[in-house]
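Following the hints, complete the assembly by docking chain B onto the known chain A.
Line by line, the protein sequences give chains A and B.
Using our numbering, the first residue of the first sequence is number 1, and each one after it goes up by one.
Using our numbering, the first residue of the second sequence is number 292, and each one after it goes up by one.
No lab work stands behind these hints: they were computed from the structure.
Quick list of in silico lysine-lysine cross-link-like pairs, DSS-like style, CA-CA up to 27 Å:
#, chain 1, residue 1, chain 2, residue 2
1, B, 466, B, 397
2, A, 277, B, 483
3, A, 80, A, 156
4, B, 389, A, 277
5, A, 87, A, 37
6, B, 297, A, 284
7, A, 37, A, 80
8, B, 397, B, 297
9, A, 198, A, 87
10, A, 284, B, 378
11, A, 80, A, 177
12, B, 466, A, 277
13, B, 378, B, 397
14, A, 284, B, 483
15, A, 80, A, 42
16, A, 284, B, 397
17, B, 483, B, 466
18, B, 483, B, 366
19, B, 366, B, 297
20, B, 466, A, 284
21, B, 378, A, 277
22, A, 204, A, 87
23, B, 366, B, 397
24, B, 366, B, 466
25, A, 37, A, 204
26, B, 378, B, 466
27, A, 80, A, 204
28, B, 389, B, 483
29, B, 378, B, 483
30, A, 284, B, 389
Which stretches of chain B does chain A cover? Using the computed rule of at least three CB atoms under 8 Å from a CB of chain A, they are:
#, segment
31, 314–328
32, 340–346
33, 428–437
34, 447–455
35, 464–478
36, 482–494
Please read these numbers as outputs of a predicted model, since none were measured by experiment.
Backbone N, C-alpha and C define an ideal beta-carbon position, used for all residues, glycine too.
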Amino acid sequence: MASLQSLDVVARSATTTPTPQVRTAVPQVAKLIDESKCIGCKACQVACMNWNDLRDDVGTNIGVYDNPSDLTPSSWTVMKFFEVEPKQGNLEWLIRKDGCMHCEDPGCLKACPSPGAIVKYANGIVDFISENCIGCGYCVKGCPFDVPRISEKDNKAYKCTLCSDRVGVGLEPACVKTCPTGAIGFGTKEDMVAYGTKRAGELKERGFQNAGLYNPEGVGGTHVMYVLKHADQPQLEDLPANPSISPMVSVWKGIAKPLALAGMIGAVVAGFFHYMKVGPVEEKADEKEGA
Amino acid sequence: MPRMLKRYEDGDRMNHWFIAMMFVLAGLSGLAFFHPSLFFLTHLFGGGPWTRILHPFLGVLMFVGFMGMFVRLWKDNVVVPADAEWKQHMGDMLRGNKAAMPPVGKYNWAQKMVFWAMLASLLVLLATGIMFWRPWFAPYFPIDVMRIAVLLHAVAAVVLVAATIMHVYAAIWVKGTVRAMTRGTVTESWAKTNHALWHREMTQGK
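Bound conformation, chain A alone:
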């Protein structure tokens, strides 16, 4: 992509100087998944396979509708089905379209040691630039949502791109285009927050008192958001209640490494000056042979 430069990379993995980001008039985008409108048809999974030319292996049925049973290097979005009782005796069937949340503060990008293997564009999309991926798996440790999957064939990490190639030329993501019920919306982040809040309000009027928008603060908000019927209990659908980048990762990738680097260089410099100040330890002049 070196010749079709985008000039709107606002963050780049393992890079300590500013990235080319002169294009500032780029609206922040977001995908809004309204679970109350989702019928679990998996058209979004098919559209994702189709647009991205992905064909996952035929797996095995695990006794529920989830197919494949989890995200894989070739399945960047998966419908997950949950039979839950948010209230005692009140069985509900919840369906969540799983995939990358496109965090405003992406843990994968923070953890990645390879310059430019993960980027965040001005529109908010977090993308893996696979030719720079070294296959270390650090993104897996950085992600608060357990999204990246590493291929056994090529040792590259893969995940939803939010159809960055489509969005870049003014199209909506493939899953959005195909959704037959309008459960997946796409637009500016601002519009999607407003629409999601309105939808949550409508759901509240219809008896879902705890409906709400899932746009978690702990990762700076996300560019994939959900309207949840039970936003007070996101863990019902395997979503973390308060996702944030693990403190282990923040310490490891934050202050510790520059300090340690300075410490190691400092030790060598201290040794040099110690030698120049104190001088070597010399053997005592050998008193006569055979002393």
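Showing chain B alone in chain A's frame:
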């Protein structure tokens, strides 16, 4: 020609230099991922993916090498009560007042500490490194465990590098030391100056 004392056998020295080589290779390949400013080191190993592939094997070889050294040297590195006095006078040593130092055996307290710090850091590096060694072992460990492992791996690496910096500096600082590892021998006056008890042990009855 001053009289020479044998300090390291051929096997000790080959073992030592094998570890040293693996330390340099595992260290440089690991530092490449330690901080963005050092990522250029991946060029020495054939690029990012190759560095990622090679680093764990180099690390395991260093560990195996150190096990050989451990078997050879651990007895000489057991801390004894007499080390306490040397430790108290370490400031004098650093200020160049060598005369204030009590006589020591084959290794002084600081050398022993370097030995144990290296062993401890290598054990941590091996145990944590296996936990996120892709693609072989990482799939068997939960993400939470791997997050702790990567942090501890980095901490242990810094301890090992720091201990090695001290180790190398001491060898440069104390004249006549390097030949112990390159030739296996030291002069008798070196032994008397730096390891008087060891000198006595080596020359008794001779």
